[in-house]
Amino acid sequence: MEKQQSLWRKFARLIAYQEPPPVKRFVLTEPDSEHAKAAEPGSPVRSGSKKRREKKKPLPAAAVREKRSREKLDDRPGKSEDILEEAVATDLAANLAKVRRLFHVPLNKDVIIREFVIAGEPEVRAAAVFIEGISDKQIINEYILEPLLRPAEFRREGLAGVDLAAKLIASYLPSNQVTKLDKFAKIAKEVIAGSTVIFLDGAGEAVSAETKGFEHRSVTEPKTEQVTLGPHTAFNEVLKVNTGLVRAYLRSSELITEYPELPNTANTDIAVMYLKNIANPRIVEEVKRRITSIRTDFMFDTGRLEQFLEDSPYSLLPQMLRTERPDRVAGSLLEGRVAILVTGSPFALIAPITVFSLLQAAEDIYVRWPAAAFLRGIRLTAMFFSLLLPALYIAIATFHQEMVPTDLMLTIAGAREKVPFPTFVEVMLMELSFELIREAGVRVPGVIGATIGIVGTLILGQAAVAANIVSPLLIIIVAVTGLSSFSIPNLSTAFGFRIIRFAYIFLAASLGFFGVAAGLFLQLCLTADLYSFGVPMLAPVGPRTVSTPDLILRGFSWRQERRPDELQAQDTRRQARISRGWTKKYLRYGKRSDKGGGGNAR
Amino acid sequence: MISRLKKLLLLALLACLCLVGNGCWSSDEPDNFAYVLAIGVDKGEENRIKMTYLIANSKEMGAGKEGGDAAQKSLITSIETPSLFVTLNTVNTYIGRKLTLMHAKIIIFSEETARSGLMGSFVPAMGQYREVRGTMFIGVTKGKAADRINAIKPILETNPAKYIELVASSGVYTGFIPQTELLNTMYISLSSDGIEPVTMLFGPSREQAASEDSADDGGELTSDAEEPVGGAGSAGNGMTGEYRAEGDYVAGTLPREGGINFGAMGAAAFRGQVMVGEMTGDEVVAWGMLTGKYRTSIMSLIDPLVPDTVLSATVSEGRKPRVRVRLEDGKPYIDVEVTLEGDILGIQSLIDYQQPDKQPVLEAAYTEKLAGLINGIIKKSQEEFRSDIFGFGLYARRLYLTQEQWKAVHWEEIYPEAEINATVNFKIRRSGMLIQIMPIINPEAGVEEGDND
Amino acid sequence: MPGEARFGYAEAVALVTTTIATKVFLSYPTAIEHIAGSAGWLLVCLTAIVAWLGFLLVIKLLERFPGKTLIEIAEAAGGPVTGIFTGMVLTAGILVMMAVALREFAENMVITALPQTPISVIMAVFVLCIALATYLGLEVIARACYVSYPFILTAVLAIVLLNYTNFNVNWLYPILGEGLDKILPAVVYRSSDYWELLVLAMIAPAVGEAKSIRRIGRSSLVISIVIFLSVIISANLVFSPAIANEPYLMLYKMARTVYLGRFVQRVEAIFVLIWGVGALLRLAVGFYLLVTVPVQALRLPDYRPFILPLGILLYAVAFIPPDLPTVFSLENHVLRSTVWIPYFFLPGLLLLLAVIRGKGGKRDIKT
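Residue numbers (the working numbering), protein chains in the order written: chain A, 559 to 1160; chain B, 132 to 584; chain C, 1210 to 1576.
The following block holds chain A by itself, in its conformation from the complex (with noise of 0.2 Å):
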């Protein structure tokens, strides 16, 4: 009987309706508290229950001022803890319950404290906080615990009335970099960036000692700024090594390092690096003044910081250089320009820059002048093929055939044959197919890369110009644009030129030359109102300035004498006028001169 009814159960499940088990599916709604928000006038907060459009009742000016003020105080993002105005107390106890508080301890599994006694006369309490993950452990235990924990030093001592946390310092703290606190807004900014702090009971400070150590990447090759004549050295995220790695290159007392605060949530190291004898003091101001100004929630990367930085954001080519060689970094000092780095990211920010500088690959000056004046040759030639070749060549196509030779034209309307499409048509499929390629083979996992390509050249080259759908003369146009701009040394700039070159084949298509003549004019005009902190981007050439031999075809390196002018350096000249002194002796080959044979050369 059972088992017929279980079977009888089993088919009936099969066909009858069966209601959904009952779990409770979690759905983010908006709290009570929002829809009352939303209720007031002229409030950004949006909720459901209001209707997305209404008149927008204007608010009498009292009102306005009211609410400009309130935003005022919002600026800062993240509530401010009333915990960390507050200042250290002289009982560990409750200095403890504080940090505690403040981290949120015991739910915050990450942070340590440590407590431990002092043997000293008398014995005196401490605590050391940590977080684990970005502290070194090891520099922990031996250069912190250790010491103060070992009993036949501090015997002797007599530790009342003393002041605890300088004594501490002074004589006991092994560690290269302490400091004192009192307010707690430093502590959890020092144990935040991977400190210890140590709490002491009686004392009214706090010691923070430096044991930042967390994993990271070692210093390798660059990625995307590969010489074969030259270092190979790329920053890697680590802020004081990267700053590190910038001082093995310029060694200097003049260089300086600052961290200008920037509020943000993540709390974020930036720094700035600058020569002091040699960079202009407004520059550096400027850039101060608007690092600290930002307000925002995090600056993960310089990539980010520029885009809060630069002068123009609608501008389509970047203000600042972006590389991650530290003797890029290290030659841009030299010249008057300003170094920003950021914790986490492997690029630095060099500010001010000229149009010229986003030409230039960081090979240039370690190779002979004959490659490098060539290379540069070459570099400009590909800066102008991957802007204007498709348009070009859909100018010329569809415009003035009259300007091909005429073996040339009939080679192309004998391509053109089978194709379907319009010219127009025919480059922007293209054009898109290999931005898409391009886009592919970024986001594609190494193991499947090289397939990709293989597919892409099939598709691309074979198939299609089998299948009649685009003529072989526009496979090998877009093929050279795609490889110009590769080489074209500034990553952001190749992407800029890239979405200009569309605009290019609109105008071309649509009114030939004089189309393309109309975007050079209108590209030219708005390049020269471009300014990268203060300097405008087309000097020299924009604002006529004195000139460098390494402008555009790079001159001799013992020729190029002074810094660039439009920077305003303190000290313009950076060469001798005769820099390779040894010449000098034979100059003055088969001359008596009286003056001394070299004189002063070196």
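Honestly, I wouldn't trust all of these hints.
[To be verified] Below, in silico cross-link-like pairs of lysine to aspartate or glutamate (EDC-like), each with a Cα-Cα straight-line distance of 20 Å or less: (1) C:K1391 to B:E535; (2) A:K976 to B:E160; (3) B:K538 to B:D460; (4) A:K976 to B:E191; (5) B:K137 to C:D1511; (6) A:K725 to A:E681; (7) B:K510 to B:E550; (8) A:K667 to A:D694; (9) B:K137 to A:D869; (10) A:K738 to A:E643; (11) A:K656 to A:D759; (12) B:K138 to A:D869; (13) B:K538 to B:E548; (14) B:K293 to A:D965; (15) B:K284 to A:D965; (16) B:K538 to C:E1455; (17) B:K137 to A:E868; (18) A:K781 to A:E997.
In case anyone wonders, no lab produced these hints; they're calculated from the structure. Keep in mind it's a predicted model, so treat the numbers as computed, not measured.
Assemble the complex: chain A is given as a structure, and chains B and C must be docked to it using the hints.
Then chains B and C, alone, in the frame of chain A:
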């Protein structure tokens, strides 16, 4: 900070540019055109003129195609119309693509139209049309232009345009035809005082003209009364194996076999807009020397010391000709000095003309021949053509201060009475690869090895 | 406002040269040919000398009123009524000249590059581009001029030199062309070809003091003369005087006659690019003047709101001539014959007024 106005302007510009897609008014796909490579103009039978077009067949010339039958490389069509440009539309009634003249290389007029002055009146009209390029070649053909265009089916080239350009510019190294461009040369000569136009002359292949002759209605194809110049006493006309100078032919009379039914040799001389005569190849060489347009060519000469044999040398321009013109009592006195250089190519008689005693002999012989040619053409231009085809009048411009004074001179009327004195300087510079010529050993005639005298 | 822009010697020279010399792309060589025949070079040199004399008057005026633009000088010399009156007259004049120039450049584009495009589209594109450039300011325009002038120079010289196979020295004779009786009267009224030197007076504060303005004027004049001479002489070398009277666009025709073998043949389309940029630059400068002159006269704080209405006005006025021959005769017979009058007499009258009323100079230095 981009402001609203800037944004507005940019947006308006972008909106204008969205009229794309199919291209705008002036754009045309390159394969929607029918590219005309050569044009022929004849007097029409039903209408005023008959135009012949040679249209390129671009699909045969596309990338990656192997050559097929030469006849398919182009499409040739003729049509009768009232005027030059309306034909472009009428042809489109049966040829789908839009006819365009922007790649036309040459326009050939028939001799009939040239002699009647129709050609001369056409040329200015053509210059006004935008598609017509001023660097187009222009020529006159004996017989019908339609036949000539029909014959342009080159065997060695895929592209008829290349053939035409190469033939038309061959004057640079042969000297046998002038390189006349539509606007640069012809039109300027037509509308300026002091120079008259000279155009290339085309003709059929003589062997194929014979078959055409019967089908043709009375066009003068073979020139029958061409006297050989500089012949060593032989009165032959080239058919009897006697010496006849290589340039002494006009297009259509060259004794050749093979090749297509198309040839360019000689020139047509004009007086105003009317063709008044023909010049042989050698006469064109002389004309080139007098006008400074000559570069180089190979010239043969009956050996001065051994009249049985013929030797040849490259004759090149040494210096631009020096022309001095002065006017006395309304009669022009013109002095021309032509300087030429030579490079001996081959001496059949094996006489070593490089020797210091023999070289002047050869130079004198060449100078005589060249002077003969030059004076011959000058005389012809004054008596037969009565037109200043050399442009001496241009030098006469220097004698006057203002345009009005010059216009009052009426150069074309006083030129036939001018006294022209031409001197030729000819120097042999080198002799090919040999510095000495050794004779062929002939013990019976006493010629030993190493005897060169 | 011009007072905010500042640029140096090189940019100013490039600016003024571009403004003066781009008329060589249009019908200027043909017009010179009409008057002087093969003696065009003589006409160019003589008109330049006369124009320089006029410019010296302007310099005198600027010296008396340092740091002021022409309108401001008119105001200082004659009072606000004179200032407004001068401003309005100048605006009307500039409007007419710019409309004709716009129309000519657009026709240039239609003839050379885009035969079937309606001219309204081309002029619309022109106006939009120059409106944007004017919005960005005079400094930007000056920089753009300086960046592109090597290319423009190279293009012009390339056309001139690539024609060397067609040169025939005889076409330069008769040496005095149409005769001195036709050339000498034309010298005076064709000095209006260089009226753009007055531009320097209208943007004076941006460029510096009278001494440097004098240098700039001299350099621009010299470069412009070089360009004009090279084009006119080579046009005369290539074409006989009869034929040189024909083409509407001499430089285009010369570009079409280049034939250096089978490959270097059809080069004129490249020049369309350069001419387009040159045309846009010249029109941008003119439009900037058109917008700022009334604003200065009426003492308004900013010129940017005027860009849109004046742009539309310019566009509309440019349509008034019904066909190309009218434009040609407007430019050469009407405008070029009359512009020399204000070019000489405006600064002259102002100077006279200033001297009579005792304004300006060392006694009256303010600001």
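Hint check:
no.: 1; hint: C:K1391 to B:E535; in the structure: holds (11 Å)
no.: 2; hint: A:K976 to B:E160; in the structure: holds (12 Å)
no.: 3; hint: B:K538 to B:D460; in the structure: holds (16 Å)
no.: 4; hint: A:K976 to B:E191; in the structure: holds (12 Å)
no.: 5; hint: B:K137 to C:D1511; in the structure: holds (15 Å)
no.: 6; hint: A:K725 to A:E681; in the structure: holds (14 Å)
no.: 7; hint: B:K510 to B:E550; in the structure: holds (10 Å)
no.: 8; hint: A:K667 to A:D694; in the structure: holds (17 Å)
no.: 9; hint: B:K137 to A:D869; in the structure: holds (16 Å)
no.: 10; hint: A:K738 to A:E643; in the structure: holds (16 Å)
no.: 11; hint: A:K656 to A:D759; in the structure: holds (14 Å)
no.: 12; hint: B:K138 to A:D869; in the structure: holds (17 Å)
no.: 13; hint: B:K538 to B:E548; in the structure: holds (18 Å)
no.: 14; hint: B:K293 to A:D965; in the structure: holds (8 Å)
no.: 15; hint: B:K284 to A:D965; in the structure: holds (16 Å)
no.: 16; hint: B:K538 to C:E1455; in the structure: holds (19 Å)
no.: 17; hint: B:K137 to A:E868; in the structure: holds (19 Å)
no.: 18; hint: A:K781 to A:E997; in the structure: holds (17 Å)
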